[in-house]
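Taken in order, these protein sequences are the chains called A and B.
Numbers 15 to 371, taken from the numbering used here, label the letters of the first sequence in order.
Numbers 15 to 371, taken from the numbering used here, label the letters of the second sequence in order.
Hints were generated in silico from the structure; no laboratory data involved.
Because the structure is a prediction, the values reported are computed rather than measured.
Honestly, I wouldn't trust all of these hints.
What the hints assert, rightly or not - Quick list of the computed label-pair ranges, beta carbon to beta carbon:
#: 1; chain 1: A; residue 1: ASN337; chain 2: B; residue 2: ARG324; range: 18 to 28 Å
#: 2; chain 1: A; residue 1: ASP217; chain 2: B; residue 2: ALA52; range: 54 to 64 Å
#: 3; chain 1: B; residue 1: ARG168; chain 2: A; residue 2: PRO69; range: 27 to 37 Å
#: 4; chain 1: B; residue 1: VAL352; chain 2: A; residue 2: ALA356; range: 42 to 52 Å
#: 5; chain 1: B; residue 1: LYS298; chain 2: A; residue 2: ARG361; range: 16 to 26 Å
#: 6; chain 1: B; residue 1: VAL23; chain 2: A; residue 2: ASN126; range: 11 to 21 Å
Backbone N, C-alpha and C define an ideal beta-carbon position, used for all residues, glycine too.
These are the residues of each chain, in order.
2 protein chains.
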Amino acid sequence: MTRRPVTSVDVARLAGVSQSAVSRAFSPEASISPAMRARVLEAAATLNYRPSRIPAIMLSGRSLMIGVIVGGLSNPFYASALEQVAVSLQASGFQVLLVHVDDALTLDAALNQLASYRVDAVITALAIGTRDTAEALSALNIPAICFNSRFVGRNISTITSNNRQSGAMAAKIMRECGVRFPVWLAGPARNAASRERRHGFFDALTDHALIDHALIDHALTSDTPSPHPILELQGNDTYESGFNAMRDLLDRNFRPDGLFCSNDLMACGAMDALRDHGGLACPKDVIVIGYDNIPQGAWHAYDLTTFDQRTEKLVDAAMDILNDAFRPGAKALSRKIVVAAALVVRRSTAKAPPQVR
Amino acid sequence: MTRRPVTSVDVARLAGVSQSAVSRAFSPEASISPAMRARVLEAAATLNYRPSRIPAIMLSGRSLMIGVIVGGLSNPFYASALEQVAVSLQASGFQVLLVHVDDALTLDAALNQLASYRVDAVITALAIGTRDTAEALSALNIPAICFNSRFVGRNISTITSNNRQSGAMAAKIMRECGVRFPVWLAGPARNAASRERRHGFFDALTDHALIDHALIDHALTSDTPSPHPILELQGNDTYESGFNAMRDLLDRNFRPDGLFCSNDLMACGAMDALRDHGGLACPKDVIVIGYDNIPQGAWHAYDLTTFDQRTEKLVDAAMDILNDAFRPGAKALSRKIVVAAALVVRRSTAKAPPQVR
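Construct the complete structure from the given sequences, taking the supplied hints into account.
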């Protein structure tokens, strides 16, 4: 037995018909007699023949494949988002051409690959980091959908969480819990969503005069030049970065009573440092808020209050954009869709009694 | 501006050459004058043209696409394995056609889709549950590689962890730690890897007479008919199932001093139940061993001793099979490869002093 897949030529030979008859037998709308179709289908079944989509792709230019670009599946949020995107695309009759890229620098190379397979659209969970990459995406001349990215352009639509409002909501919770030393644990500088969350959090804190610089100065050790670096910790969206940032803060004898983290992975790391390194109990000594609602945040060791990005809504929005973009005569789309996150309250903010300021 | 991608016809028109010249300009081995090639490449750059792979797929029957079948990306082990498979395939010039299936029942439908795109091979992280599915895979007439599956057949190769030996190793650790009430937390019955791990664990426990039925009988409450259901807990590979199984055991006043879990997710759940529900400290009161070495097992809240499946070795083995299968004149492969897991010792088994029996 040969290794090559069975082709329509093999089926035609066995059925004693032309190759074109095989092709017509597998096209519901084609003209072919019922007897002829039955003969072809019987031969196809015998040979385990499956019709190829490749000729149709060549004729129509439509592959029904969507390029999905991912990086960092070690963050359960992205793994779950990819799973939901794949399920939704498959349910709509699309296939997923998965492209893994380490960072935005290699995105350009990935785009060439995707274009050569004539994907119908591109969905990227990777933020577009530069104007050049955005232009390369636009130049593909197919719909592109970016999650949590700030670049919009011709053919490019973005779908983001309402990061700024969620940041303000986190500040409101700090206020209601009577937090005096709030700490913000940031994602990497290139992460636009993290910057937005910080913006909303800081604006709302300042509005409500929650930051008490005199108290912070008092709490600081002498080798710390200003309170600002304390209020703001830098992470890189990983568990380890959250653990290390909080451990370093505790080593400087600063004991925060409120922590807002740009994502749940860092929040889990920071909570472990608070407990193991600082001897601080959550929520009794410090309240913690994350972002993403990854499964681990619900684990009993963390029980983390967080913002659920509602991935199902993000994915629904992406499917709506695709449907509109593929309508006959549709123009290039450049939508900007914001999906409101849902606050998930768990034990990590259950400070009682609340001391409203 | 139209929405359709730029084609070789557009490039030929702008360059003032034939479509065949455009095609030759993009084939390194084709005969074309340097001047003509430069003219085509300039026009292609102007139009942002990217050559299509589709005609080559049609002519050669080779798509350079590999169908990768996944389910349950909420288990970080599978998310990480997918990431490593994607990276390796891309590095070898392949593209990943991702297919998400909920269970083996929908695998057959997925196979038809994959065949219609003329994928060159199939890699599945999903265990093949039935002989019928194995036969459907064989009938595709392309190489298929299955992780942790027990079915082998024509065109089907399997790559598994040395589950039985690892189970025996877990028993050895229990013995060295002086465990008297060992508990096995199983994955779902359809999980062949879980059955193998149990087999190795139980065989080695029996060999070393570690199970002390008299002591277990003594520890049981009266409404428990036999010690057997206690020694063996049933989970479904999720965190929640591990938590619930252990909580139910503790509710029956059974306090294990050693726990081997078929995967890390269940181990994390069981550890949270041991601490929060049973007030048992790990490793002082109970030692815990998992399987998979997911990132969460290394988190400070767990610090879990586990078996690392060495995904990079599993993936390397898959790439070797693909390379051999695609050699000219290669016969259908049916390999069975076993990769030895690496024991990762962490605090969850750091019982001191060890009481060797």
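Verification of the supplied hints:
In this structure the hint that ASN337/A and ARG324/B lie 18 to 28 Å apart at CB is violated, the actual value being about 43 Å. Our hint of 54 to 64 Å for ASP217/A and ALA52/B holds, since their Cβ atoms are close to 55 Å apart. Remark: the range hint 27 to 37 Å for ARG168/B to PRO69/A is upheld by a beta-carbon distance near 28 Å. Taken as a hint, the range 42 to 52 Å holds for the pair VAL352/B and ALA356/A, whose Cβ atoms sit roughly 46 Å apart.
Under the hint 16 to 26 Å, the C-beta atoms of LYS298/B and ARG361/A, about 25 Å apart, fit the expected range. About 20 Å separates the C-beta atoms of VAL23/B and ASN126/A, a value consistent with the hinted range of 11 to 21 Å.
The earlier numbered hint that this structure contradicts is number 1, and it is the only one.
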